[in-house]
Amino acid sequence: MAMSTLDDVQAPRELQPGEGTADVKIGASQPVMVYVVNLTRRAELTIELHENNTASRCSMYISTSDPHPTAKSAMWASESAQPRKSVTVLPADSRYHEGPCYITVKYMMATGNVFFSLRTRMRETYEAVWYTKANLSLYEGQWFQQYRHGYGRCTYQPLAESIPSETCVDHSRTTTGSSGHAVLDFNTAEGPVLLDLPTDESQVYEGEWKMGEKDGNGAYQWQDKCYVGSWRGGKRNGRGTLTKTDSSKYTGEWRDDAKSGYGVQYFNNNTRYEGDWHRNKRHGHGLFVYNTGLKIVGSWERDILVSEVTATYTDGTTYEGGWQDDARHGERGVFKDIDGLVYEGAWVHDKKHGKGTWHLPRSVKFRGTWIDDVRQDEGGEFMFPNQDLYTGAWDETRHVRHGHGTCKYNNGDVYVGDWLNDEMCGKGRMSYANGSEYVGQWKSNKRHGKGKFASSDGNYDGEFANGVRHGTGIMKYNDGSSYDGAWEEDVRHGPAKYLNAQLNIFYTVTFKSDVISGRGKAQYRNSNEEYEGDFERNLRNGMGTFLLSNGDHYTGRWQDDLREDGEGTCQYANGDKYEGSWVAEQRSGRGTCWYADASRYEGEWSEDTQNGEGTLFTRSGDQITSLWENGDRVDGKGKCVFANGNIYEGEWMHNEPHGHGTLIYPDGTVFDGQFDKGIYKL
Numbered sequence: 001m002a003m004s005t006l007d008d009v010q011a012p013r014e015l016q017p018g019e020g021t022a023d024v025k026i027g028a029s030q031p032v033m034v035y036v037v038n039l040t041r042r043a044e045l046t047i048e049l050h051e052n053n054t055a056s057r058c059s060m061y062i063s064t065s066d067p068h069p070t071a072k073s074a075m076w077a078s079e080s081a082q083p084r085k086s087v088t089v090l091p092a093d094s095r096y097h098e099g100p101c102y103i104t105v106k107y108m109m110a111t112g113n114v115f116f117s118l119r120t121r122m123r124e125t126y127e128a129v130w131y132t133k134a135n136l137s138l139y140e141g142q143w144f145q146q147y148r149h150g151y152g153r154c155t156y157q158p159l160a161e162s163i164p165s166e167t168c169v170d171h172s173r174t175t176t177g178s179s180g181h182a183v184l185d186f187n188t189a190e191g192p193v194l195l196d197l198p199t200d201e202s203q204v205y206e207g208e209w210k211m212g213e214k215d216g217n218g219a220y221q222w223q224d225k226c227y228v229g230s231w232r233g234g235k236r237n238g239r240g241t242l243t244k245t246d247s248s249k250y251t252g253e254w255r256d257d258a259k260s261g262y263g264v265q266y267f268n269n270n271t272r273y274e275g276d277w278h279r280n281k282r283h284g285h286g287l288f289v290y291n292t293g294l295k296i297v298g299s300w301e302r303d304i305l306v307s308e309v310t311a312t313y314t315d316g317t318t319y320e321g322g323w324q325d326d327a328r329h330g331e332r333g334v335f336k337d338i339d340g341l342v343y344e345g346a347w348v349h350d351k352k353h354g355k356g357t358w359h360l361p362r363s364v365k366f367r368g369t370w371i372d373d374v375r376q377d378e379g380g381e382f383m384f385p386n387q388d389l390y391t392g393a394w395d396e397t398r399h400v401r402h403g404h405g406t407c408k409y410n411n412g413d414v415y416v417g418d419w420l421n422d423e424m425c426g427k428g429r430m431s432y433a434n435g436s437e438y439v440g441q442w443k444s445n446k447r448h449g450k451g452k453f454a455s456s457d458g459n460y461d462g463e464f465a466n467g468v469r470h471g472t473g474i475m476k477y478n479d480g481s482s483y484d485g486a487w488e489e490d491v492r493h494g495p496a497k498y499l500n501a502q503l504n505i506f507y508t509v510t511f512k513s514d515v516i517s518g519r520g521k522a523q524y525r526n527s528n529e530e531y532e533g534d535f536e537r538n539l540r541n542g543m544g545t546f547l548l549s550n551g552d553h554y555t556g557r558w559q560d561d562l563r564e565d566g567e568g569t570c571q572y573a574n575g576d577k578y579e580g581s582w583v584a585e586q587r588s589g590r591g592t593c594w595y596a597d598a599s600r601y602e603g604e605w606s607e608d609t610q611n612g613e614g615t616l617f618t619r620s621g622d623q624i625t626s627l628w629e630n631g632d633r634v635d636g637k638g639k640c641v642f643a644n645g646n647i648y649e650g651e652w653m654h655n656e657p658h659g660h661g662t663l664i665y666p667d668g669t670v671f672d673g674q675f676d677k678g679i680y681k682l
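Here this note's numbering is used: the first residue of the sequence shown is 1, the next is one more, and so on.
It cannot be assumed that every hint is accurate.
Cross-link-like lysine-lysine pairs, in silico, DSSO-like; alpha carbons within 27 Å at most [as the list claims (entries may be wrong)]:
no., residue 1, residue 2
1, Lys476, Lys446
2, Lys210, Lys225
3, Lys295, Lys235
4, Lys521, Lys476
5, Lys336, Lys351
6, Lys450, Lys476
7, Lys355, Lys336
8, Lys521, Lys577
Simulated restraints on C-beta separations [unchecked claim]:
no., residue 1, residue 2, range
9, Asp326, Val468, 25 to 33 Å
10, Pro17, Thr243, 26 to 34 Å
11, Glu585, Thr669, 46 to 54 Å
12, Val228, Glu19, 43 to 51 Å
13, Gly284, Glu124, 17 to 25 Å
14, Glu651, Leu503, 50 to 58 Å
FYI, nobody ran anything at the bench for these hints, they're computed from the structure. Just so you know, even glycine gets a beta-carbon here, dropped at the ideal spot from N, CA and C.
The whole structure should be built from the sequences, with the hints applied where relevant.
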């Protein structure tokens, strides 16, 4: 029987999507049946052909352009030897078009017939594996219409052995089409065929899709890196992590496939950046951590640090200021070490260099210059909280003044000299604001040892202890007075030589609590007189001897610098000597006077002369006892024991017996009667 051609076949019979046919007879007498399905939307189309036979006698050809598809014109075909066969047309295929889709069922035997049924099924959401030759991508996952949509895995430029062997779509004998697409795995009479892809560099994305674009959460694997995170519109958008094979990693925000927003970048040299990004560059505020553990916080623009930084070192020290080439650098930087010391000033290549201020313990500041991290003493000064200023040697460990230096105190005092453990110690000069000056030895911030002190009171040269005059020293007062002797706790105390310039008196005395007290000697230069004896309260008090300018020596008691009334002795320059009572510095009362001519008077005195009853022992040996007035014998009664043994007692006149009297001779003879000018009248 002659074979029919497609021209003899009736017009295509219409099938509704999702519908099928009842058993249809086809055979050698009518070998071709043509159907049409109107594709009103892009969806997965599956056409299933079931033959009621144990062996296949039919083939199926499909086309969206040829109303009568043949083996040559078909876009999709199934010539399987199995009685059950199907063809799935995917919307991803570029040959897929909305509109009529023609299906030809052709009986392939020369004789006989068979019954078959045809069924179509359309799904907008489905799962499929698809290889796109144009970009060498292999997608396996969920679809919506022609779009990858849902969860799926896409491998870009895969190795042949990485392509799964499961059949997803049956195709014709050729593995490629004019569209550049190919189904990966299909069955032939010879068995499964696997594509041999041209490259060994593969990339894989596995995750969520939306309308053909990577959208949602997904992981993208390159040969040298991997991204896991959020996608939108086919690009990395949102939060995600990019890890590279060189051990670098970024975790943070993305925008249009670029690091943008906040993120953490771990570099392959063990450094780390945490902060703001823009278009794959550090841009904004951020934290950078070096592989040493050093951390800096600052601002970046286009991957360049443009601001000052706050740096924290692993030992707890901190820095705020300029930064360049991974080091402290700039006109201003504040560094705080673990001891709380703060440097604020210029830096060059991570070293203090230039002008700066050093904040030290006890609120001390140093303002000066550093060169290559070394503080320069010259031109710098330390400022204390009370505004004291110091220049000179400094102990860098204990942070105290130590060595030679100058301190200007807030009250105007200035010290230049030696320091020990922040105290004036050794030799030094203190110039006081009031004009005083000390040059000498110091200990524990006090004048101690030998020194010279000049003040408005005068000049002192001697020993000090605990800041005051103590020991021996010479004080020369501005009024011309001077003191050379012992001191105790800044007062004169002990043996000394003292000149009172106002009184012009020179003392060789003992001081107690800044006053003359005890035995001593005073020389009165104005009067050329001298006193040696007891002192109290700077005055002659007690027993003492006074040498008058005329050569007289008086020894007696003194009170408040005056001769005290009472007993006293005076050795006169003419050789006379008086011992007896005194009143108002005059002989008064009873007393004895030894005269230079060897005579002696014993008796009463008044107003420095013999007045009253007294006895005169003459140089010739006579003893005259009588009344005296102003140094002369008073006429009247009296007694005289003559050197020859005679005794006269009676009336006298002009130093001679005159008047009634009694004369007794040594042999017992007695004359009792009248005398006239020393002659007895018979």
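### Query
Could one say that the CB atoms of Gly284 and Glu124 fall in the range 17 to 25 Å?
Violated: the Cβ-Cβ distance is about 44 Å, outside 17 to 25 Å.
### Task
Take the C-alpha atoms of Lys336 and Lys351, compute the straight-line distance between them, and say whether it is at most 27 Å.
14 Å, holds
### Query
Taken at face value, is the distance from the CA of Lys577 to the CA of Lys521 at most 27 Å?
Holds - the C-alpha atoms of Lys577 and Lys521 are around 22 Å apart, at most 27 Å.
### Message
Does the beta carbon distance between Pro17 and Thr243 stay inside 26 to 34 Å, or does it fall outside?
### Response
46 Å, violated
### Query
Between Lys210 and Lys225, is the straight-line Cα distance small enough, at 27 Å or below?
24 Å, holds
### Task
Starting from Lys450, check that the Cα of Lys476 is at most 27 Å away, please.
Holds: Lys450 and Lys476 sit about 16 Å apart, inside 27 Å.
### Task
Given the hint that Lys295 pairs with Lys235, test it: the Cα-Cα distance must not exceed 27 Å.
Violated, because 32 Å separates the two Cα atoms, which is more than 27 Å.
#### Entry: Glu651 paired with Leu503, Cβ distance criterion 50 to 58 Å
55 Å, holds
### Query
Is the distance from the Cβ of Val228 to the Cβ of Glu19 consistent with 43 to 51 Å?
45 Å, holds
### Query
Is 25 to 33 Å a correct range for the gap between the Cβ atoms of Asp326 and Val468?
Since the Cβ atoms of Asp326 and Val468 sit about 60 Å apart, the hinted range of 25 to 33 Å is violated.
#### Entry: Range agreement (Cβ of Thr669 with Cβ of Glu585, hint 46 to 54 Å)
48 Å, holds
### 27 Å limit on alpha-carbon distance, applied to hinted pair Lys521 and Lys476
20 Å, holds
In this structure, the earlier hints numbered 3, 9, 10 and 13 are contradicted, and the remaining ones agree with it.
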